[in-house]
Structures are given as structure tokens and as C-alpha cells.
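Residue 19 in the numbering used here sits at position 16 of the sequence shown, and the numbers go up by one each step.
No farther apart than 16 Å at their CA atoms in a straight line, the calculated lysine to aspartate or glutamate pairs in the EDC-like style are these:
#1 K266 with D214
#2 K194 with D246
#3 K266 with D208
#4 K104 with D52
#5 K104 with E46
#6 K216 with E168
#7 K194 with E245
Because the hints were derived from the structure by calculation, they are not lab data. Just so it is clear, the structure is predicted and the values come from calculations on it, not from any experiment.
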Amino acid sequence: GNEDMPVTGLERIDSRQAESLSPRGRVRNRLANLVHFNGLISETRYLCDDGLSDTLNALIDIIRDSSKNNNANEEAAISGLPISPASEAFAEILLCEIVRKNRDRFAFIWQNILSAHYNSRLTYRPEGSEPESDGMILTPGIEKCVSGILKICIWASSRNVFANEVLPTLEILHPPLGACVWSPLELNLDKHLSEGLWRICRNVDGLSQIDDKAWEGILGLLDWCASRGGIPSRDNLGSLAEDDPSLQAFRSLHLMLHAEELKDIVPYGVVSSIRSLVEDG
Numbered sequence: 004g005n006e007d008m009p010v011t012g013l014e015r016i017d018s019r020q021a022e023s024l025s026p027r028g029r030v031r032n033r034l035a036n037l038v039h040f041n042g043l044i045s046e047t048r049y050l051c052d053d054g055l056s057d058t059l060n061a062l063i064d065i066i067r068d069s070s071k072n073n074n075a076n077e078e079a080a081i082s083g084l085p086i087s088p089a090s091e092a093f094a095e096i097l098l099c100e101i102v103r104k105n106r107d108r109f110a111f112i113w114q115n116i117l118s119a120h121y122n123s124r125l126t127y128r129p130e131g132s133e134p135e136s137d138g139m140i141l142t143p144g145i146e147k148c149v150s151g152i153l154k155i156c157i158w159a160s161s162r163n164v165f166a167n168e169v170l171p172t173l174e175i176l177h178p179p180l181g182a183c184v185w186s187p188l189e190l191n192l193d194k195h196l197s198e199g200l201w202r203i204c205r206n207v208d209g210l211s212q213i214d215d216k217a218w219e220g221i222l223g224l225l226d227w228c229a230s231r232g233g234i235p236s237r238d239n240l241g242s243l244a245e246d247d248p249s250l251q252a253f254r255s256l257h258l259m260l261h262a263e264e265l266k267d268i269v270p271y272g273v274v275s276s277i278r279s280l281v282e283d284g
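Take these sequences, add in the hints, and give me the full structure.
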């Protein structure tokens, strides 16, 4: 179904021919041909809790080691070449897909493993508190991390038991809590975020059951998307592109304010979102 599709069609795609791939890329291709990854992910359903925890923590350790400065990493020098950015991104994908495949144990995974991983990966740290405190440049691994959070939030928004636990995590996807460096000179994830916002907000039945903290996560993301628009349409001059973040923010806002299911439920903080949308044009 649609849940198995990427959050958007905007994930980076390497369209180069196989012969132009790097040596690491050719190794990944051979590995993909040898290993049935879908089957591998499905088999994790039969692991005990300890086995599943060990699997997820091993992936997180790979991601954490890759995120460090490999040039100064003595461990990497001893063990050989550090993990590539593409492999780090693939580890994030595996992490997300294994979690989604084990939905019956989601509460256990989220509370004990996943929440801490995403917060340590993306949360802003004041200057001087950490070596990497000056922000985080967008990498393929960070991109897949953000996409993974959005996928999980979209799924959780229709599960009343988990929505209040997961949706506040949206706050770490953008400033001030988010640590990513959002620069117009670099590829950013504004379209990913706005598409994820729309997919969460269109589930009005789920939104009717969430608490104030979850609403803060949604409205904070809406404020951010409202300020990141202005992408002109290539087909209709003078119009915004269909996937423009501010347009997606307007659609989400319009739906939540007019849905019968959300009458008298949307918190007063939505006024700030309306103001952001108006001020940013």
C-alpha cells in the first residue's frame, strides 16, 4: 500500500550507470543481489526482544560511528576505510523499515531505542556543549533519518496509542530544536517536511485524539513550512509549485480548520500558524 512508498518522490536518486559507480557502490550492488533485504527485514519479526534490540542498536552504532569526523577517528584508521555516506543512509533506512515491520512492539522500540536515537541525531545543542555544536550539515544519512521520522509520524498519527508519544518529535526537524543547517545554497528537506505535514494533517480522525504536546509538534512544523515557500510553478507563471512548502502548509491549515472532526479541537496556537502564513506571503 501507500505506507510502503517513500515519504515523497524527492529522495536523492543516483541515476548514473552501474559502470560509473564507485568501488563501494559496486559492492553495495553485489550485496543487494546476494541478500534479500525485504526478507531480512521481515525475519526480524521472529526475533526475541533482546535480539531485536541488539539488531537495532548495532545499526545505530554504525550510524553514530559514521557521523563522527572519520579523518580524526583512530578506530576507522585501524579498521580500514570508514563507512560511506550512502551506507550510513542505508542503515537509517533499515532501521526505519525494521521498526515499521515490528509494529506490535513499537512502544518497546520507541521508548527504549528509537526516541533516544532520533533526538541525539537531530536535536540542537548550544554552542560549547558538544564538539559538533555549530550545527549539522545535511547528508544522505540525515536525509533518510528525517524521512524515517516522517514515515513513523504518519503511521503513528492514525494510532491513538502512539501518536502522543511520537508526534512531538516533529519539533526536532526544524529550528530552534533541530540542529540541521538549512541553507538555500544546499539541498534542503523543506518539500519532504511539507509533504509529511500534509500526510499527517489529512488524517483528521487521528488528529481529533491527540494531546497538546502532539499539537505543538504539528503546528511548529506548520509554522516552519509556511516560512519556506515561494517556489514558482514552471507550468503556470505567477503561481506556486504544487509541492511548494507554504502551499502545503496552507492546505494543511485549511483542512484542520474546516474539518468537522476537528471542530473545537484545534488549539489556540493555530493563530500563530495563520500569522506565519500571512506574514510570509
